[in-house]
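Participant: Given chain A, work out where chains B and C should sit, using these hints.
Residue numbers (this note's numbering), protein chains in the order written: chain A, 39 to 347; chain B, 767 to 1024; chain C, 4 to 319.
No wet-lab data here; the hints were simulated from the structure. C-beta atoms are modelled at their ideal positions from N, C-alpha and C, and glycine is treated no differently. Hints are not guaranteed to be accurate.
[What the hints assert, rightly or not] Now the in silico label distances, taken between C-beta atoms and shown as ranges:
(1) C:Met275 to B:Thr823: 53 to 61 Å
(2) A:Lys168 to C:Leu274: 28 to 36 Å
(3) C:Arg154 to B:Asp836: 48 to 56 Å
[Unchecked claim] Sample of chain C residues facing chain A (criterion: CB under 8 Å; computed from the structure):
(4) Ile78
(5) Arg123
(6) Asp127
(7) Val132
(8) Val142
(9) Met275
(10) Met287
(11) Met298
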Amino acid sequence: MDWANLTQQLINGLSLGAIYALIALGYTMVYGVLRFINFAHGDVFMIGAFAGLYVHRWLKPFFQWMPEFLSALLVLLLSMCICAALGILIEKLAYKPLRQRSRLTVLITAIGVSLLLSYGAQLLFGAAPKGFPQLIKNDTHDLPGAVSITTEQIVVLVVTLLLLVSLRFIVQKTRMGLAMRALSNNPTAASLMGVNTDAVISFTFGLGSALAAAAGIFFAMLYQAIDPFMGILPGIKAFVAAVLGGVGNIAGAALGGFLIGLVETLVVGYSKNIGIPPGFRDAVAFVILILILMFKPAGLLGKSEREKV
Amino acid sequence: MSDLLKLERVTMEFGGLRAVGDLDFHIAPEEMVGLIGPNGAGKTTVFNIITGVYKPTRGAIRFNGVSLHDKKANRITALGIARTFQNIRLFGSLTVFDNVRTAMNGRLRHGIIHSLTRGPAFRAEEERIRGEVLALLDIFGLKDDADRQATDLPYGDQRRLEIVRALATGPKLLLLDEPAAGMNPTEKVRLMELIHFVQEKFRIAVLLVEHDMRVVMGVCQRIVVLDHGQKIAEGTPQAIQRDPKVIEAYLGEEAHHA
Amino acid sequence: MKKHIAHLALVAGLAASVALYAIAPQLDDYAVNIFVLAGINIILAVSLNLVNGHTGQFSLGHAGFMAAGAYTSSIITLTLAPALASAPAWQAQAAFFSALLAGGLFASFCGFLVGVPSLRLRGDYLAIVTLGFGEIIRVVIQNTNALGGARGLEGIPPYTNLLWTFGIATVAIYVVASLVNSTYGRGFISVRDDEIAAEAMGINTTKYKVAAFVIGAFFAGLAGGLYAHFISYIAPEGFNFLKSVDVVVMVILGGMGSTPGVAAAAVLLTLMNELLRDFEQYRMIVFALLLIILMIVRPQGLLGNFQRRKRKAPQP
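Just chain A, same shape as in the assembly:
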């Protein structure tokens, strides 16, 4: 066994997994409060990456006066704010009028929103992939045993961890977080208890979209190119991550994201050993999805619901 290679694969897998985890959180939180799959979430992730690109472009003149980490942080935070606003807007315009309608109607709307965002982005930014600027100087750091990690990977992992901790704080310790949990446990009781449903839903969309924006920027940092359709696959894979962890379960979504990232990276890294061509990486998540739905539909950390008759 080549431990150095395995460790290297784990580092790469965790950085990819961090991205899936951040997107998956948005799916899971929205599912928690509204019980539907926000199909357009992957496209919010894409918009996050483009927001990063343009924020960086506009603010470039100011960046020379500040340290690199500050400018990178500014790009990240502004993009997160832009996407939070976008998420809230989408909910108000497209989903809110459908609150009492069937889940299918909402799903179709979500597909519409997804198409609108990706083709809208294509119209605005062009179809060709765009290079993403280097936000921080990217060095390769050697770790013991022929393993290395890049500065960008460190940033992605550390910031993701910070975001997860802050999310946990928000959900567990703040009034808004409490209201979110109440709404997700029992919507009727929550509104009877004076929870402002609309505000909580808006907040959830904003929070999830902000996390997706962070994921978009990390993805752009690691892969250095962005395009209007970049959100489709990571979006769906992150949804799989949410299902894997148990839809509606926040810790589960993070866990699922890291797991999908790891498995995908390992399948590619060890494609020769296990006899799966590396080109199958995009199919990995779907195979996991089908297996989980057939054998443990409630997900790793989720509870099953049964329909009332």
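Facilitator: Chains B and C alone, transformed into the frame defined by chain A:
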């Protein structure tokens, strides 16, 4: 007389919570049995166990001598158990006619291929079904509504249609889940007449879950009382009315509500 | 007379296909192009409507079935091409038809595989799983050299003509419409309306769901074969998730569960695609907005649900 339906020591647990415990009871052919009990006594759970929606944790259920264990809901219906639902579940986009016709599906001889070739045998069967459905609707005074969308009917008619639809499956046992829910006193009287009529006309057994005591007392020959998933009493309506355990269970509930 | 109306409609449709084929030499290439694409889209939309509309199992994987049919039939005709080049035309056409059929059957086998997990899933979950299946089919093709990998397959003999296209479209409409208009077929709709009640009425919902997927995928496979032998070139990218969405849009605009509405929407959208060719980048934005607005103001579809109002008991 041998039993039509027989439940032996049936237990249903939901994640450690016992909804029904060691329940024994039986229904004879053409018998009218009531299943009553306070809120949350496990009546609907018993219904769902009999009809295959839930799989009991333990115990045996036999219908006409056939074990219902591990049988899917549609197989159980084919054996001769039909039901209505507490919250009406008609096929909303279908007409009254089609709601009833669809329930004859389990007894069809034609399938996909015949629906496509549409040969003489297929047309003859469709013609026969059409006649049967219209006759059935006629009996219940719904023939004129045959072409209306089922969910456009008034509430009482929707309840009636659900019964007609259940009868179309050709049952030997009809399970009625709170048929009087949401009805006014006049409608309830008509419902009781309807249940008697169905039982006599189709010569089937009826198991009635109902909240309204007057309906149960007026319809059933024998009553089984559940409380907290346990059978606490069984007997004729007169005996049940006087049973101290039953009175306590119901009074206890009212005291709770007060 | 009345009882044979389905048969009559079938014969009339086939006759119309022959007539269209006969006048084809008088049409210019552009018109033929639009006709064929419209026909293929009718097949796709009507077959998806059986799954999504009538049976209520929201599938987002139709492009995957289309790919299965397109690749199977193309591999067959490409393998036979050297032999068929010198064979009489009828033999080539017979070989083409067999290849199409093989593609349809393979696609319906894939449909069976997708139908099975659908038994346990509802609504949005099923949508994602079917999407996943479609993507798996695409990824497999992309990584199989014998299928041309990401480059695709070229030089597929252009056997598709108006007769094949509209002949098969007629059969697809006939199959779906007559299937749904029978006592047996009402079971599909009962599954959509209320699965638990359907089970309780003795309907084997499992069988219906799988049947819908198998039949729907069969026609999607035929449509894929027709498409491949019309354009002469196929690549995995052409069968991605967005292609599935294209068909879903037709079904939704036409009104889920309405065969005439959906067929009309397929034609309408084909025409729109052609007319808006110069505004390609706006086309999908218009569709996206249409979907969103439609779901808010008119979820039953743009072209209404004729069928729902017309669905009556047959007259004596």
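Participant: Can valine 132 of chain C be said to touch chain A, with a Cβ gap under 8 Å?
Facilitator: holds (6 Å)
Participant: For the restraint on isoleucine 78 of chain C, tell me whether the closest CB of chain A is nearer than 8 Å.
Facilitator: It is violated, given that the least Cβ distance between isoleucine 78 of chain C and chain A is near 19 Å, above 8 Å.
Participant: Is the hint on valine 142 of chain C kept, meaning its closest Cβ partner in chain A is under 8 Å away?
Facilitator: holds (4 Å)
Participant: Quick check on the hint: aspartate 127 of chain C CB to chain A CB, less than 8 Å?
Facilitator: Result: holds, 4 Å to nearest chain A Cβ.
Participant: Return the status of the interface hint for methionine 275 of chain C: holds when the least beta-carbon distance to chain A is below 8 Å, violated otherwise.
Facilitator: violated (15 Å)
Participant: Evaluate the given range 28 to 36 Å for the C-beta pair formed by lysine 168 of chain A and leucine 274 of chain C.
Facilitator: holds (34 Å)
Participant: Tell me if the interface restraint on methionine 298 of chain C is satisfied: Cβ within less than 8 Å of some Cβ in chain A.
Facilitator: holds (4 Å)
Participant: Given a hint of 53 to 61 Å, does the C-beta separation of methionine 275 of chain C and threonine 823 of chain B actually sit inside it?
Facilitator: With a Cβ separation near 57 Å, methionine 275 of chain C and threonine 823 of chain B satisfy 53 to 61 Å, so the hint holds.
Participant: Taking 8 Å as the limit, does the beta-carbon of methionine 287 of chain C come near enough to a beta-carbon in chain A?
Facilitator: Hint holds; methionine 287 of chain C Cβ to chain A Cβ min 4 Å, cut 8 Å.
Participant: Hint says 48 to 56 Å; check whether the CB-CB distance for arginine 154 of chain C and aspartate 836 of chain B agrees.
Facilitator: holds (51 Å)
Participant: Hey, does the arginine 123 of chain C contact hint survive, CB to chain A under 8 Å?
Facilitator: holds (7 Å)
In this structure, the earlier hints numbered 4 and 9 are contradicted, and the remaining ones agree with it.
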